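Colleague: Sequence:
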Amino acid sequence: MYQYSVPERWDEYTSLGEVINGTKFVAFKVPLKKEILSAVHKNDRFGPEDVIEKIKEKGHVLGLVIDITYTDRYYYQTEFTEKKVEHEKIYCGGHDVPSDAVVYRFFDVVEKFFIKNKNEEMVVGVHCTHGVNRTGYIVCRYMIERLGIDPSKAMEDFNKARGHSIERKPYIDDLLARKDNPDYVMGIHPPVLKEVKNYNKRNNYSNTQWPGNKTHGRTPNVMEVKQDRKFQRDFQSLTLNNSSHAFGEQDKRKLYERGEKEQVEKESLRN
Numbered sequence: 001m002y003q004y005s006v007p008e009r010w011d012e013y014t015s016l017g018e019v020i021n022g023t024k025f026v027a028f029k030v031p032l033k034k035e036i037l038s039a040v041h042k043n044d045r046f047g048p049e050d051v052i053e054k055i056k057e058k059g060h061v062l063g064l065v066i067d068i069t070y071t072d073r074y075y076y077q078t079e080f081t082e083k084k085v086e087h088e089k090i091y092c093g094g095h096d097v098p099s100d101a102v103v104y105r106f107f108d109v110v111e112k113f114f115i116k117n118k119n120e121e122m123v124v125g126v127h128c129t130h131g132v133n134r135t136g137y138i139v140c141r142y143m144i145e146r147l148g149i150d151p152s153k154a155m156e157d158f159n160k161a162r163g164h165s166i167e168r169k170p171y172i173d174d175l176l177a178r179k180d181n182p183d184y185v186m187g188i189h190p191p192v193l194k195e196v197k198n199y200n201k202r203n204n205y206s207n208t209q210w211p212g213n214k215t216h217g218r219t220p221n222v223m224e225v226k227q228d229r230k231f232q233r234d235f236q237s238l239t240l241n242n243s244s245h246a247f248g249e250q251d252k253r254k255l256y257e258r259g260e261k262e263q264v265e266k267e268s269l270r271n
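For the sequence shown, counting from 1, position 145 maps to 145 in UniProt numbering; every step adds exactly one.
No lab work stands behind these hints: they were computed from the structure.
Since this is a predicted model, take the numbers as computed values, not measurements.
Using N, Cα and C, we set each Cβ at its ideal position, and we do this for glycine too.
There could be a bad hint or two in this list.
Claimed, not checked - Below 27 Å or equal to it, Euclidean Cα-Cα: the simulated DSS-like pairs (lysine-lysine) are:
1) Lys89 x Lys58
2) Lys33 x Lys118
3) Lys84 x Lys54
4) Lys84 x Lys56
5) Lys89 x Lys54
6) Lys42 x Lys83
7) Lys83 x Lys54
8) Lys89 x Lys33
9) Lys84 x Lys33
10) Lys118 x Lys34
11) Lys160 x Lys24
12) Lys118 x Lys54
13) Lys118 x Lys24
14) Lys56 x Lys118
15) Lys56 x Lys33
16) Lys116 x Lys54
17) Lys84 x Lys118
18) Lys83 x Lys56
19) Lys42 x Lys54
20) Lys118 x Lys169
21) Lys42 x Lys56
22) Lys24 x Lys84
23) Lys83 x Lys24
24) Lys56 x Lys116
25) Lys89 x Lys24
26) Lys179 x Lys160
27) Lys33 x Lys58
28) Lys169 x Lys116
29) Lys34 x Lys116
30) Lys24 x Lys56
31) Lys118 x Lys153
32) Lys153 x Lys169
33) Lys89 x Lys118
34) Lys84 x Lys58
35) Lys58 x Lys42
36) Lys56 x Lys34
37) Lys83 x Lys34
As the list claims (entries may be wrong) - Now the in silico label distances, taken between C-beta atoms and shown as ranges:
38) Lys83 x Ala177: 36 to 42 Å
39) Asn21 x Asn117: 18 to 24 Å
40) Gly148 x Val61: 21 to 27 Å
Hey, can you work out the whole structure from these sequences and the hints?
Modeller: Structure follows, in structure tokens:
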């Protein structure tokens, strides 16, 4: 039965890597719930509880898990949250280079976590199915754009820590073309579908022309739309005044440049 089948090639990858140099990220393959692990040899089993314990054995505390698989069948989120580990689901399809809607959602989740836990020494666990290609791409995007790490160095550090190398050439080529992104503002990112269509109609943009957006020639899929709307609700409830990134004049300028006058006025009322 598909719902309880082990992911293809899952057993070909090591369970968990090391914390990536210069970051608080650790990559791993998707842990599996007991119903699926029953088909796996006892010595090869790897579930949510194992993730927490293995990271603890390495001398770290797991504070957040970001799941970027495109399904929720592999385990129950409560297997982490009941252990006081935060969990965030970001639906990201495989094979294609992830869209910026997905990447910046990841950035926002990470930034929000670090703001909330700025005095805590906790690591962030990230996984796709094998913890290599999608995970490597998105984590490296963060390393390049938010930490200012050279693309080649970011990939080298990720590959070394994970124990497996990013394999997909489109991912690698895209990362090599990336650089530090001073224009990123937490909570401000490309809109999707309905929001895109409305904005395009007003401003005569195509989807791929949205400033700062790269959808790589495709329309965001339905799960990206759902998570984007959830993100917008989350962002509206997030107070930035007590964070290390309070909404300021530079952010206002960026928003005005993007035609988001209404958002500027809304954020100004917070301060």
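Colleague: Next, verify each hint and record whether it holds.
Modeller: Hints versus structure:
1. Lys89 x Lys58: Holds: Lys89 and Lys58 sit about 25 Å apart, inside 27 Å.
2. Lys33 x Lys118: Roughly 31 Å separates the two Cα atoms, so the pair is violated.
3. Lys84 x Lys54: holds (16 Å)
4. Lys84 x Lys56: holds (14 Å)
5. Lys89 x Lys54: holds (21 Å)
6. Lys42 x Lys83: Holds - the C-alpha atoms of Lys83 and Lys42 are around 23 Å apart, at most 27 Å.
7. Lys83 x Lys54: holds (14 Å)
8. Lys89 x Lys33: holds (16 Å)
9. Lys84 x Lys33: holds (18 Å)
10. Lys118 x Lys34: violated (34 Å)
11. Lys160 x Lys24: The hint holds at about 15 Å.
12. Lys118 x Lys54: Holds. Lys118 to Lys54 sits at ~23 Å (cutoff 27 Å).
13. Lys118 x Lys24: Cα-Cα ~12 Å, so holds.
14. Lys56 x Lys118: Answer holds: Lys56 to Lys118 is near 20 Å, not above 27 Å.
15. Lys56 x Lys33: The hint holds at about 20 Å.
16. Lys116 x Lys54: holds (24 Å)
17. Lys84 x Lys118: Within the cut-off at roughly 17 Å; holds.
18. Lys83 x Lys56: holds (13 Å)
19. Lys42 x Lys54: The hint holds at about 16 Å.
20. Lys118 x Lys169: violated (35 Å)
21. Lys42 x Lys56: The hint holds at about 21 Å.
22. Lys24 x Lys84: holds (18 Å)
23. Lys83 x Lys24: It holds: about 19 Å lies between the C-alpha atoms, which stays within 27 Å.
24. Lys56 x Lys116: Holds. Lys56 to Lys116 sits at ~21 Å (cutoff 27 Å).
25. Lys89 x Lys24: Answer holds: Lys89 to Lys24 is near 19 Å, not above 27 Å.
26. Lys179 x Lys160: holds (21 Å)
27. Lys33 x Lys58: Judged against 27 Å, a Cα distance of about 23 Å means the pair holds.
28. Lys169 x Lys116: Not satisfied, since the Cα-Cα distance of roughly 36 Å exceeds 27 Å.
29. Lys34 x Lys116: violated (32 Å)
30. Lys24 x Lys56: Holds - the C-alpha atoms of Lys56 and Lys24 are around 14 Å apart, at most 27 Å.
31. Lys118 x Lys153: holds (26 Å)
32. Lys153 x Lys169: holds (16 Å)
33. Lys89 x Lys118: Holds, at about 22 Å.
34. Lys84 x Lys58: holds (18 Å)
35. Lys58 x Lys42: Distance of about 22 Å is within 27 Å: holds.
36. Lys56 x Lys34: holds (21 Å)
37. Lys83 x Lys34: holds (17 Å)
38. Lys83 x Ala177: 36 to 42 Å: holds (39 Å)
39. Asn21 x Asn117: 18 to 24 Å: At 21 Å between Cβs, range holds.
40. Gly148 x Val61: 21 to 27 Å: Holds, at about 26 Å.
The structure shown violates the earlier hints numbered 2, 10, 20, 28 and 29.
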